[in-house]
Amino acid sequence: MANQLLEVTDLSAAYGDVRALSGTSLSVEAGAIVALVGANGAGKSTLLRAISGQLTRTSGSITFAGIEIKKHTMKQRVELGIVQVPEGRRLFPDLTIYENLRLGATLREPRSHMRESLERVYGLFPVLRDRQNGKAGLLSGGEQQMLAIGRALMAQPRLVMIDEASLGLSPKLTRQIFELIGVLNEQGTTVLLVEQNIHMALKLCSKAYVIQNGRVIMSGSGEDLLADADVCKAYLGQRGSRIA
Amino acid sequence: MNIFLQVVINGILFGTMYGVAAIGLSVIFGTMRIIFLAQGTMIVLFAYLVYWLWRLVGLDPYLSALIVVPISFAVGIGLFYLLFKKASALEDRNVSLLLAVGLMYMVDNLLLKAFSANPRYVKTDYGSLTFHLGGINISFVRLMALVIALIAAAAVYWFLKRTLLGTSVRAASVDMEATRLLGINSYWVAAVSFAIGIALAGTAGVVMASVYSFDPNYGFTFAIKALIVLALGGIGNVWGALTAGLLLGVIESLATYYVGAGWSDAISYAVFIMVLIFLPQGLFGARTVIKKV
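Just so you know, the protein sequences line up as chains A and B, in that order. To convert, note that position 118 of the first sequence is 284 in the numbering used here; the numbers rise steadily by one, no gaps. To convert, note that position 91 of the second sequence is 94 in the numbering used here; the numbers rise steadily by one, no gaps.
These are computed hints drawn from the structure, not numbers from a lab. Some hints could be false.
What the hints assert, rightly or not - Taking lysine-lysine pairs in the BS3-like style, the calculated list, with each CA pair at most 25 Å apart, reads:
id: 1; chain 1: A; residue 1: LYS236; chain 2: B; residue 2: LYS88
id: 2; chain 1: B; residue 1: LYS164; chain 2: A; residue 2: LYS241
id: 3; chain 1: B; residue 1: LYS164; chain 2: A; residue 2: LYS301
id: 4; chain 1: A; residue 1: LYS237; chain 2: B; residue 2: LYS88
Said to hold, decoys possible - Cβ-Cβ distance ranges computed for the label pairs, FRET-style:
id: 5; chain 1: A; residue 1: SER306; chain 2: B; residue 2: THR166; range: 27 to 35 Å
id: 6; chain 1: B; residue 1: THR133; chain 2: A; residue 2: LYS301; range: 43 to 51 Å
id: 7; chain 1: B; residue 1: ALA92; chain 2: A; residue 2: ALA180; range: 43 to 51 Å
id: 8; chain 1: A; residue 1: ILE233; chain 2: B; residue 2: LEU85; range: 48 to 56 Å
id: 9; chain 1: B; residue 1: MET277; chain 2: A; residue 2: GLN378; range: 52 to 60 Å
id: 10; chain 1: A; residue 1: SER306; chain 2: B; residue 2: GLY263; range: 30 to 38 Å
As the list claims (entries may be wrong) - Covered, in the sense of this in silico footprint (three residues per stretch, anywhere, with C-beta under 8 Å from a C-beta of chain A), are these stretches of chain B:
id: 11; segment: 91-99
id: 12; segment: 181-194
For each residue, glycine too, the CB sits at the ideal point set by N, CA and C.
One chain only, chain A, in its complex shape:
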């Protein structure tokens, strides 16, 4: 297939004796928004951790822009343009918003484009500009998510992987965050989303993979999956329990 930015082939991983991924394959086309959906513990986050390099004991192959990256360090992967927005945001609460953003651009290339990246992030999330000298820990949940995404964008990623952007946010805020993810995608950043808010994720993405017990059990366009009765029954019916 042409123009695949990320290609994961037959990836397996385990935490101790617990198998978290068994032979997962997926591909992300350059410029797309791809969603990984599935129940808690299905292996979605494990997949992101394997791609970002947090998890290294894996078998199978991960290529990014045609380069096999499985032996790459986390830093090298960020240099190639893979940046993860971790679950729970993992901001530095006592650092200012500006300092948090600045830490996204420590590598040589992003550092030389600090100003432009900062303008881009402030353009997407104006609230961050207004409060740039305030502590990150004082932001609301939605603003913290914006900062986490903005910090990742400072690294000038080609692929940004967002783990549970909607976690702990109201439906209204979630919708706002998802709209902004759509905008940053239109600006040219490829997005890989992990979401438990399946309805919104499927509406936003161009392609989605349903993951269960560490395997891809279904894939297709977001619309097709939304229309699919099985997906609706298996997951959308549980929407109310996703917070629990």
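Chain A is fixed; fit chain B onto it per the hints.
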């Protein structure tokens, strides 16, 4: 009144070294999550370097700071990659802690073997120079110790607050994994913060050699005193550590003068225990272990 003031000022000037040592412990704790017990030994090691530079080539102790501080920084980087890099990646912090204890005893004994237990001191023309201000005597070298401590604290504060690498150190002190996700080389960040701690030991070594007579046994005592100061000042707070150092100096000075020379250590350990029981966050109320810088 004059005597009281004199005793307090002596204490402040004596406490500067505690403060510098404690800032070092605090910065190292941030990224390595251990109390670096070999800090006092490092101070003595660098005091010997100052001493021998003076003895062999006649280098003035304050001038030798320009050599000793960079050397101690380089020693810190080397020690980190040689000893602590692997251990720093382990979940279990005890490995790093035991490495520090091993390093402390090894260097202590090497110093004893190489330089004997005889006290050494650097004799300078200005060593006994004293200013008289309204009935108070202030020794020149001790005043210089305070000046050096203030410069060192300001430099560390500036580094942590104003540089990108310093911001990375503060971030890694809170969440190292999150800094890795941003492509930051966390080993380098940990190495630099460790080296800053050792450079502060080098700074304290300059002070020790220029003001006091010292021997290898000072190392452990100083590490423990720095630990008391760290508990008083709260971990992760540069000015808190320095202020707490001066405060411990004052406490010891008052105890020595008004209670008796043998009492000062017992009283400072009692203060240590009281602080841990009643003010576990330190005097300046840092909210959690590493919060403030």
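Evaluated hints:
| no. | hint | verdict |
| --- | --- | --- |
| 1 | A/LYS236 with B/LYS88 | holds, 23 Å |
| 2 | B/LYS164 with A/LYS241 | holds, 24 Å |
| 3 | B/LYS164 with A/LYS301 | holds, 14 Å |
| 4 | A/LYS237 with B/LYS88 | holds, 20 Å |
| 5 | A/SER306 with B/THR166: 27 to 35 Å | holds, 30 Å |
| 6 | B/THR133 with A/LYS301: 43 to 51 Å | holds, 47 Å |
| 7 | B/ALA92 with A/ALA180: 43 to 51 Å | violated, 20 Å |
| 8 | A/ILE233 with B/LEU85: 48 to 56 Å | violated, 33 Å |
| 9 | B/MET277 with A/GLN378: 52 to 60 Å | holds, 57 Å |
| 10 | A/SER306 with B/GLY263: 30 to 38 Å | violated, 58 Å |
| 11 | 91-99 | violated (count 0) |
| 12 | 181-194 | holds (count 8) |
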